[in-house]
Every structure is written in structure tokens, then in C-alpha cells.
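Protein chains in written order, with this note's numbering: chain A, 1 to 226; chain B, 1001 to 1327.
Simulated from the structure, these hints should not be mistaken for lab results. Note that beta-carbon positions come from the ideal geometry of N, C-alpha and C, so glycine has one too. One or more of the hints may lead you astray.
Said to hold, decoys possible - Within a straight-line C-alpha distance of at most 25 Å, the following computed SDA-like cross-link-like pairs (lysine to any residue) qualify:
no., chain 1, residue 1, chain 2, residue 2
1, B, K1231, A, K211
2, B, K1107, B, V1163
3, A, K71, B, K1107
4, A, K58, B, K1107
5, B, K1231, A, K5
6, A, K211, B, D1327
7, A, K71, B, V1163
8, A, K155, B, V1163
9, B, K1231, A, K202
10, B, K1231, A, D68
11, B, K1231, A, P135
12, B, K1107, A, F97
Unchecked claim - Chain B stretches covered by chain A per the calculated footprint, using a threshold of three residues with CB under 8 Å from any CB of chain A:
no., stretch
13, 1026 to 1036
14, 1095 to 1104
To be verified - Not everything, but these chain A residues come out facing chain B in the computed CB check (under 10 Å):
no., residue
15, G28
16, K46
17, D93
18, N95
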Amino acid sequence: MIELKHVTKSYEQNRIALSQASLTLAQGEMAFLTGHSGAGKSTLLKLIALLERPTQGKVMIGGVDLADVGKADIPYVRRRIGVIFQNPYLLPDRNVFDNVALPLQIAGWPSGSWLKRVRAALEKVGLANKEAVLPQTLSGGEQQRVSIARAIVNKPAVLLADEPTGNLDPDLSEEIMHLFQDFHQVGVTVLVASHDLRLIAKMKHRIITLKEGKVVNDGLDKHSIT
Amino acid sequence: MKTQSASRTLQNPPTSTAYSYSRLSALWDQHRQAARISIHRICRHPLGSVLTLLVIGVALALPTLLSVLLGNGESLSQHWSGGTQITVYLSENTNAQRAEQIMTLLKERYQLKNARYISPEEGLVNFERDTGIEHVVEQLRKNPLPGIIEIMPEIADLGSAQVQTWLNTIRQFPGVENVQLDLAWVNRLQEMARFANRLVHALALLLGMVVLLVIGNTIRLSTQNRREEIKIAKLIGATDAFIRRPFLYTGFFYGLLGALLSWLVVSIVILWLRAPITQLAASYQSVFQLRNLSFMGAMELLLAGALLGFAGALIAVNLQIRQIEPD
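Please take these sequences and the hints and turn them into a complete structure.
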């Protein structure tokens, strides 16, 4: 589903974020991306979400070379990818329901179809009773769950998360990771960047380790369950 | 071509729902939402919105008011020049019989609305009545007034070359002393009207720019305040058109409401001026009444306001939207 072939990304002043990185994620696979800060985790995810373009190499999603996706087509690719960040990035002036419905609105779903899908997404993250409240009245963990509901409401094929538990305490973090596992179990390809090694070791999935922009360890044999 | 297939493969087509849902109704849905969002935004900051509307309203009211007054002036001057007559002065020895002949000739040759012979005696009576000076003849011993024929041509524009030719021809008639058409003041009035017209246009252009800039700046600030929201929307697959839409509606509504406000302002001012102008006209034995902006004129004003608002928003949002990218 996701394929990186010899991807290099360098920024100005010759700072190299990724260097000849290659990896393949099968459809429905779940993997963790780890490494020290600055190892290139975020850059890798950004390349997949088309937030950055590689300097060299190829990034492919579902058989489509992202180099062929023009600027005008980027939105349509992003609609198939759910992205979650450390910061939930919710709209403070809209309630939980409207925040979660945003991707549906953007993709042009009829407003009549929102209710069912938003409710289903909120139920999945355990916030079914919070749809009418504003985000700032929620706890950090709840806000992150709203952002996950927003990421999955459109039923994306790929879910990317960049340090989704960075602001959360260990119990909440584990809860969030289990949520990702649930989506993986219904066939979504999940890639989670996290430096919380203790937590991701517990999850027993493939672990890809980056160091200075290179893939130094791909724990496919040790942890993969599929 | 490749790009298209890329987006098609990855697109999540809304057609897969149980709803029978066409692209057109999807667009309608999105426009309705965008309009609702923009009204919501305008209403959420009432003070700022009202101030913006006042600026737009006043800026539009000024050229509108001037053009309404000008329109009134033009209708008045048309009324006056329509009443202008050509006066044919007959020579002293032209008797009533010859005068009748000349009048018949004029009627045959030209298309006249009206022609009237005023004999020297009749002229004197009129003179005495109009001025209140009686028994002038007794003092002068001789009636000094010539016989005149007043004619009113069908043709409306008395300044035309055609009328000028008539005057020259009539002047050559035997028994005619002189022909007079006081065009100077009509010309002057028309020149002034032309000047005022240009002034109104220049003013409308300048103040239209003001509206464009005011709305453009308002929308620019609004996009700045919504940087995060725009980034988030782009991140989850919003097209530029989607992001632009509520801002364009906001500009459109600002323009439309501002124009509505200026219509109100103009109507109030006209109403306020009406009474003194009617009285002024009455002192000239005229029944002139100041007219307000016509319905069509008001529609044009609203359209102009809405278009200016839309254009201002479009320029501002296009300049901003490219700079705001998720990071």
C-alpha cells in the first residue's frame, strides 16, 4: 500500500532529513516508526501525506507514484489518508460533531449522510456523548480522540500518526495505540511514528527504526503478526 | 493524463453512498454550507462587521446620491429646453396678413409642435399685463413692439445643426427681421451636466476602489485569523475552491449589505431634501418633485456592491491562500 524507494529528502543548507530510505507497507499492515527526534520520522510521514516532496526517490501509495500527483490533485489523495499529529488541531469555534464532520464536508458528502458516519466515528473512539461540546472543554486525551475520529470518518485506506501520544500520560497513550490497532484489524494500513519505545514494544507490531535519515532496523521478522 | 488517473484511483467518490447524489447537488450543498458559514462569521463579530458595512455604505452612497441628483437635474433641464421656443421677429411693415402667410409657410416647411402669431397690439397688452406698467403707448405715442411668431419645433435638441440651418433660412424670409433662439444657457446647462456626469463617474470609480480595498483588507485579515483552520482543511483534503468559498460569500454579503445600506442612506437624504426643493420649485411656478433612486437604479447599486465585494474577496483570498500551507 505504501512504498518508499531510495527516498532522499534534503532541506536548504544541505540538511538531510532522509537518506536513501526504502520501506514497504502491505495493505492492512500496521507498523511503528521510531528513532530519535530529528531522525526523519516526521519527514517520512510528510512525504506520504504530500506535505513535502522527496528530493530523490519514489513514494507510492496504492500503486500511484506521488510524483505524478499535481498540485491540484493533492486534496484528493489526502482524502484517502487520515493524518493525526501530536497536536490534535481541532477548530476551536466548532463543536465536536462539526470538527469530525469536516472531512465529509470537504469531500462533498451530502449533509444528510454526516450524522451516521460522525456518530460511528465518535463511537469508535469512545466519545459518542460529546458531539455537542466545544473542543476546549475536553481533556487532552479526548481531544486527540476527536482528531482520530476526524481522521477515520472518511474511511481512509491509510492512517498516519506523528507522535499521537506525545502529550498524553501512559495510560491514555496505550488506549490511543489500541485504537490504532482496532483500525488495523478492520483493514486500514497504519503507520505510527513514536519515540515511546516501551509502549510500542508492548504492541507487538513491526518496528521501523530510523537513524540520521536512514532505515537502520526493520523489525519485520521479530514482531510482525501477519 | 497520469495525474488524472492518480487522483481517480485515490479519490473517495461520494457516489458510493446509498444517496442518489449528483455532482450538481453536491455543489449546491457545499455552496449552501459556505454561505451559512460566512453569514455566521459576519454575525459573530457584529461590531467589526457593522463598521465595515458603514464604510462600504457611505462610500457607495456618495456617488449614488450625486448621480440621483444629477438625474433629477437632467430631467429638469430637458423639461426646460423642451419649452424653448424660436422667436421670429417680423419687420415693422409686415402686416397681420403677411404674418399669417409666413406662419403657414413655416408650418408647411417644418415639423412644428406649435406656432403662434402675436401682433404688436397683443404684445403690448401682454407686456402691460406682465410688467404692470400701463399706458406705455400713450407716453411713447407709438407701439415699439414688432409682430412676432413663436414656433416650437418637434425636434427635441434645439442645439442641433438642423435647427441652425432652419434659423438661417427663416432669417432670409421677406418680412422677417430677425430670428432668435437663446441657446447659450441651454448649452451651458448641458455642458455643466456633462461635467457633473464625469465627476460622478470619477467619484464612483474612486469610491468603488475604496469598497474593493476595504472588503479586500477585511477578507485578508479574516484569512490571517483563520490560518490554522485553512491549514487543517488543506491537510484533510480541502481544495482551494472549498477554502475560498466562505470568504467569497463573506465579500459578496458585505458588498450587498453595504449597497443596501447606501440605498437607505440615499433614500433618507432625498426625502430630507424633497420638501425644500418642492417649495423652491413652487416659487418658480413649477411642480417639480425630487425623485428617489429608481428601482432599476437600486438593483444596479446592489449588483455593483455585491460584485465589488466578491471581487475584493477574490483578490485577497487568492493572494493569501497560496501562502498558507500545512507544515
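How the hints compare with the structure:
1. Between K1231(B) and K211(A) the CA atoms are separated by roughly 29 Å; this puts the pair beyond 25 Å, and the hint is violated.
2. Note on K1107(B) and V1163(B): the hinted pairing holds, with a Cα-Cα distance of about 14 Å set against a maximum of 25 Å.
3. A hinted pair counts as satisfied when its Cα atoms are at most 25 Å apart, and K71(A) with K1107(B) does not qualify at roughly 79 Å.
4. Between the alpha carbons of K58(A) and K1107(B) the distance comes to roughly 95 Å, so the proposed pair goes past 25 Å and is violated.
5. A hinted pair counts as satisfied when its Cα atoms are at most 25 Å apart, and K1231(B) with K5(A) does not qualify at roughly 28 Å.
6. Distance hint between K211(A) and D1327(B) is fulfilled; the C-alpha atoms sit about 22 Å from each other, no more than 25 Å.
7. For the proposed pair K71(A) and V1163(B), the alpha carbon gap of about 69 Å is over 25 Å, so the pair is violated.
8. Under the criterion of a C-alpha separation no larger than 25 Å, the hint pairing K155(A) with V1163(B) is inconsistent with the structure, at around 82 Å.
9. Using a Cα cut-off of 25 Å, the hinted pair K1231(B) and K202(A) is violated, with the two alpha carbons roughly 34 Å apart.
10. A threshold of 25 Å between alpha carbons decides the hint, and for K1231(B) with D68(A) the separation of about 23 Å falls inside it, so the pair holds.
11. Under the criterion of a C-alpha separation no larger than 25 Å, the hint pairing K1231(B) with P135(A) is consistent with the structure, at around 18 Å.
12. Note on K1107(B) and F97(A): the hinted pairing is violated, with a Cα-Cα distance of about 85 Å set against a maximum of 25 Å.
13. Check result for the stretch 1026 to 1036 of chain B against chain A: holds, 5 residues qualifying (beta carbon to beta carbon below 8 Å, three or more required).
14. Given a C-beta distance limit of less than 8 Å, the hint that chain A covers the stretch 1095 to 1104 of chain B is violated, as 0 residues qualify and 3 are needed.
15. For the restraint placing G28(A) at the interface with chain B, the shortest Cβ-Cβ distance is roughly 17 Å, beyond the 10 Å limit, so the hint is violated.
16. With its C-beta approaching chain B no nearer than about 9 Å, K46(A) sits inside the 10 Å limit, and its interface hint holds.
17. Restraint check, D93(A) versus chain B: the minimum CB separation of about 8 Å is within 10 Å; hint holds.
18. Interface restraint check: N95(A) against chain B, minimum CB-CB distance 13 Å, threshold 10 Å, status violated.
In terms of the numbered hints stated before, the structure departs from hints 1, 3, 4, 5, 7, 8, 9, 12, 14, 15 and 18, listed from lowest to highest.
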